[in-house]
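**Q** Sequence:
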Amino acid sequence: MEQMLTKVVELRPEMKEYEKVQQLFSRSCKFTIEKIERIQNPYFWQAYQIKKQEMDAKNGSRNNERRLFHGTASSSLNLINNKGFNRSYAGMHAAAYGNGTYFAVEANYSAHDTYSKPDANGTKYMYLARVLVGDYCAGRVGLVVPDPKDANTTDLFDSVTDSVAQPTIFVIFNDIQAYPEYLITFKK
Numbered sequence: 001m002e003q004m005l006t007k008v009v010e011l012r013p014e015m016k017e018y019e020k021v022q023q024l025f026s027r028s029c030k031f032t033i034e035k036i037e038r039i040q041n042p043y044f045w046q047a048y049q050i051k052k053q054e055m056d057a058k059n060g061s062r063n064n065e066r067r068l069f070h071g072t073a074s075s076s077l078n079l080i081n082n083k084g085f086n087r088s089y090a091g092m093h094a095a096a097y098g099n100g101t102y103f104a105v106e107a108n109y110s111a112h113d114t115y116s117k118p119d120a121n122g123t124k125y126m127y128l129a130r131v132l133v134g135d136y137c138a139g140r141v142g143l144v145v146p147d148p149k150d151a152n153t154t155d156l157f158d159s160v161t162d163s164v165a166q167p168t169i170f171v172i173f174n175d176i177q178a179y180p181e182y183l184i185t186f187k188k
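Residue numbering for the sequence shown follows full-length UniProt numbering, starting at 1 and increasing by one per position.
Since the hints were made in silico from the structure, they are not lab data. Some clues are possibly wrong.
[Stated by the list, open to error] Label pairs and their in silico Cβ distance ranges: (1) G122 to N78: 29 to 35 Å; (2) N63 to T153: 20 to 26 Å; (3) D147 to T114: 22 to 28 Å; (4) K187 to N86: 22 to 28 Å; (5) W45 to K187: 37 to 43 Å; (6) A96 to Q53: 30 to 36 Å.
Quick caveat: nothing in here was measured; it's all calculated off a predicted structure. Positions of the beta carbon are idealized from the N, C-alpha and C atoms, including for glycine.
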C-alpha cells in the first residue's frame, strides 16, 4: 500500500497562521481569499532544510530565506504539492532572468492571469513559499545556473533577480531551494 507523503491542511480564518498568510497576500493584492491550505510533506521539507543548512554554512549567519509568491494554474497544483517546484517547466511564461523557477516579492505580481491562470470558475491559485535566495546576482535570458561569484571560482551565486538593489523577482535553479508552504485559493 502506497503511503501518502503529502498532507494538505486547510487553515481556519480565525487561526493566527491564516491571518499571517492573509496579511502577506493582502499587502499588495486585494483579491478575495477563498481558502488557505498548509502543504505538509515531511520528506520534501527535510530536503529543503538540508539545503538551508548548507547555504547557511556557506554564506554565514545572515538570512538566506525569504517568503515569496508563485502563481500557478490548477493543473499544476497536485504536482507542486507532491513534488515541489520544478525548474524543468521554466520558460513556460516569462524567462527574462533565466530558465529557473520564478518567485515574486509581492503577491500582486503572481496574481496576474499569466501566472495564476484562472480555472473555468474564475478561481486562481498562488503559493506562499519559503525560498532560499542566499547571495544573488542579476539574472538574464538564457541562464541555466547563476553566475560564478568570482571569475576563477566554482562558487556560484545562489539565485538571480531582476534588480540586485531592489529585487521584486527571484529565480532559483535548484528544485529543493523552495518549499511550497501555503496554497492560497482566491478570486478577483
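**Q** Work down the list of hints and note, for each, if the structure agrees.
**A** Structure-based check of each hint:
no.: 1; hint: G122 to N78: 29 to 35 Å; result: 20 Å, violated
no.: 2; hint: N63 to T153: 20 to 26 Å; result: 23 Å, holds
no.: 3; hint: D147 to T114: 22 to 28 Å; result: 27 Å, holds
no.: 4; hint: K187 to N86: 22 to 28 Å; result: 26 Å, holds
no.: 5; hint: W45 to K187: 37 to 43 Å; result: 29 Å, violated
no.: 6; hint: A96 to Q53: 30 to 36 Å; result: 31 Å, holds
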